[in-house]
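*Asks:* What follows is each chain in one-letter form.
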Amino acid sequence: MATSPREKSWQLQLLLLPCVLLLGALVIYPALYSIYLSLTNASLVGVAATHPRFVGMRNYFRLFADAEFWNSLVITFWFVVGSAVIGQFVLGLTSAVLLRRPLRFKNLFNSIILLPNAVPEVVAGFIWISMLAGGEHSTLNRIFGVLGIPPVRWLEQLPLLMIVIANTWRGIASAMILMMAGLSSVPPEVLEAARIDGASPRQIFRFVTLPLIMPTIFLYMLVSTVTTISIFGFVYALTRGGPGNATEIVGVYIYNQSFTAFQLGYGAAVAVVTLLVSVAIGLVYVRALKVQV
Amino acid sequence: MSRSKTVGPKLFDRDGVAYVTLSLIALFCAIPFLWVILSSFDGNASLFLRWPSPWTLNNYIGIFVREGGARWFFNSFLVVGTATAIVLLFSGLGGYALSRMKVWWKRPFLYLIILIRVIPPPALIVPLYKILLTGNDAVGSLVRSLVSPESVRPVMQVFGLIDGYLGMILVFAAMQLPLALWIMKTYFDTIPHDYEEAALVDGANLFQRIRLVITPLALPGLAAAGLFAFISAWGDFLMPLILVSSSELQMLPLGLFRAFLRVQQIDYGFLSALAILYMLPAVIAFGFARRYFIQTFSGGVKA
Amino acid sequence: MFNKLISIGFTLAAALAPGLINAETIRIAEHRQARIDALKTVVPEIEKKYNVHIEVIEYPAPEKDFLTKLLTELRAGNAPDIINAPHGSDIADMVAAGYLAPITKELKAWDGYSQLFDVGKSMVTGKDGEIYALPAMLDVMELYYRRDLLEKAGISTDQPKTWAELLSRAKEIKSKTGAYGLLFPAGLTWGTGSFEEGFRLLIVGTATPQIASDDGKLNLSGQGVKDAFGFYADLINGDLMPIQPLLEPEPWVVPKYEMFPAGKLIVTTGGSWGYIYDWGSQSKSPIPNVTQVVGTWEVPGEKGGQYVLVDLNGPWAVNAKSPDVALAKKVLLELGSVKADVAYAQNLGNIPGRVDAAADPNFQKLTELVPILDSLKAGAGTYLKTAEGFSAVSEGIARATEALLRKQTDAAGAQKILVEYVKQVLGDDAIK
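Residue numbers (my numbering), protein chains in the order written: chain A, 1 to 293; chain B, 1001 to 1303; chain C, 2001 to 2432.
The hints are simulated quantities; they were obtained by calculation from the structure and are not laboratory data. A quick note: this is a predicted structure, and the numbers were derived from the prediction, not measured. Where hints are given, some of them may not hold.
[What the hints assert, rightly or not] Dumping the calculated DSS-like pairs for lysine-lysine here, alpha-carbon to alpha-carbon at most 27 Å:
1. A/Lys290 to B/Lys1102
2. B/Lys1130 to C/Lys2321
3. C/Lys2407 to C/Lys2303
4. B/Lys1106 to A/Lys290
Okay, chain A solo, but in the shape it has when bound (with noise of 0.2 Å):
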């Protein structure tokens, strides 16, 4: 019996192709202009703005001496792996099995936890200036001193924690919006031939749902790994990546390198890097995940 047959194979091409041509002149290629850019000293000001030159891989030395770079690889790492791998995630998650139960005001918890992700970056990053910012000002010592305790200067003693429940806070919906479309998948008759045969719903839900949603965390891992790597606006805002680098991710560093001085090669080496480490780690999450794409 023919399933996807070969012979048919243009026509899904052909189904493809807006997105192609699309991705092809607006994504790809000027991703990998960028990579082109990496090896010359183009800048948007001064002198390399009109006549850059191909300095081949002098871009990528001084990324590979500079201990700051390494630095921030560092810090991004901690950073996405608080807040997108566990934290999102996990509230994420939870949130999304927790609302496809029968429960009152499903509507208003759904919309409040929607909020942080749809507020634009730049009021987000005054929320949180406002909430940890200004010694007793700030909204978060103010509940602290209810309760008693003394002011605290957050971004101070905890940078690199308060970015990433910032960030966490950010980016529940995110997870959780993939991960009920994911639930949704499940075909409820599996769920209940499970139950008849007596597992409980701890069992259910780790050997039965959690595999066959496997797909879906492996696209949320991957995709807020990525996007989480790429943030800048929201880190700058709060910390500029200090105090000292505590809190240089990956986008400040390239942003405190650069593009103070608009040099787009350097910025351009230090993303390629970047997303060859990202390569690395999507495969990283294919094993771990076992997931075939």
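Got chain A; can you put chains B and C on it based on the hints?
*Replies:* Frame of chain A; chains B and C shown alone:
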């Protein structure tokens, strides 16, 4: 079907635990917004949480009366809405294709498009701008040869790639397409081929199969993809700022930056009020899309 | 190329066809509502004078985004005809990239040229004698102090004459009133302000007052830089300036908008806009009677001398790739008219770049600004020459002062941080 309507793993035995957990999560999400809400009604809003004094609606009213609020909303809706529609269409078809096809370049393509997002937008803007400008010049010449000189400007505002609706729509669609394609492909992977085969046996061609069988099944995936695309494009500010210049085409992000009055002076009241209004469409879109998430497989192959 | 020929052809046809002569359009880039409002007051006149249609293009306000958009467009050749740069130091970078059209001839032939302050003229004239920017408005920076509180505490309100005197005055303030004696912006979160409103005011008073040297290299290893950092270190280590707010985002909010009006900070650096927008009629927490209560001192030099630091504010320039450069230049000069200058002064609190603005009745209403303009007339006004790469210097100074704020290093160490950073970003040969 007997049993409860919703399907889901029953981890907690009592609804009470569910309510408490959800409330804690919701509280975590909501507390930072206290400042935004209070500031938006504050005639003298500051960066720090304070009780509004004086209480006023001027911030909200000012958005529409003093500034071009209505225009911004309209433009943002138009651009983001159209882009989302394009994304839904392209990713629905493309995701299905990616799921069912077996070509060697499938995996590299998929990884390429998603991992590319790691490259910071400022690095991409320069080549993107160049390519749009070249395209814009081509469109411009075409338009100038077809319409009278007075109409060139308005037509270019619609079809132009730089400083035109079309350019913004295409850029947004292109930016959201990678994730949407992944979502749809992943989703289609979970739909067994049985349904299509049954339709195939019944003599349906590809497009009939898509329309009658696949699309209804794909709705939760489409809802997720569309929602992500909408929210992400709605919140993007870099592209509208760089690509739009005419005041008639300005979108909401510019409105937010209008709050930056002077070098160190920001109108927090205006910013907060606009932020509140800004979030509403996303919440509404979510409410609208949500009902598709709880859809389950109705009927089956045995039907 | 071909497309360009076609569109040129059509434009020419449209222009030459009888009855189809439309007024040409000149596009001007501007950002921030206050500036746009000022600009729009003079647009109708310019349109009538040259029979031209002027379109004001609004750019996003935060500088980072403003420059990203502007520079992208300049590079692609698609920028508006007339632009302005947020800082005078950006002009040098743009000139080196070939983005701007020289206006030397037209400026010198202009009737307003003789009215421009010399300091403005010097700032826009490059090494080769070419001028690329119009110094329509100026930032004037000095020290601002609470005269009422000093008098109350019995501390002298005389102009401090050296750094040492300024420091000892600050210490006196601290011991007699308990308040912070002097604020010089510093640190990362203050961004470019650490350089523009802080470091710059110090370096001009040292033995090596200029950072940009004639061969294009940056002079950052000299004694003057080290001494300036030393001054910061003295302020910080002596607890004479607030430190904690400067380590957090939006660092100016607490010191300048809360502490200074409340009297917890007595002296701070600032610009002429402070009289109107920080503490005056347009501010959220105004100080009553601000021109009486708040006085100005010039910034003393290290060993003597008094300096008023002047910088270009939003200097106007012409896009070299503008379709009609000649017309753009004419419109540009109109933006330096008395009327335009005064409109900007009203909206922003900056000082007009022309002497004859003082006689304008609308300017005279800005009583807070009149004395500052007068002091420029009297010849005050020092400036820092700019060169390519100043944005990296600015960031380097933010980093160096951040380390000082955190007491992680001393003056020599701070200088090292600055030099290392600039070398990293611009290359070793950028530094002298």
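*Asks:* If a hint holds in the structure, say so; if it doesn't, say that too.
*Replies:* Hints versus structure:
no.	hint	result
1	A/Lys290 to B/Lys1102	19 Å, holds
2	B/Lys1130 to C/Lys2321	15 Å, holds
3	C/Lys2407 to C/Lys2303	26 Å, holds
4	B/Lys1106 to A/Lys290	18 Å, holds
Checked against the numbered hints above, the structure breaks none of them.
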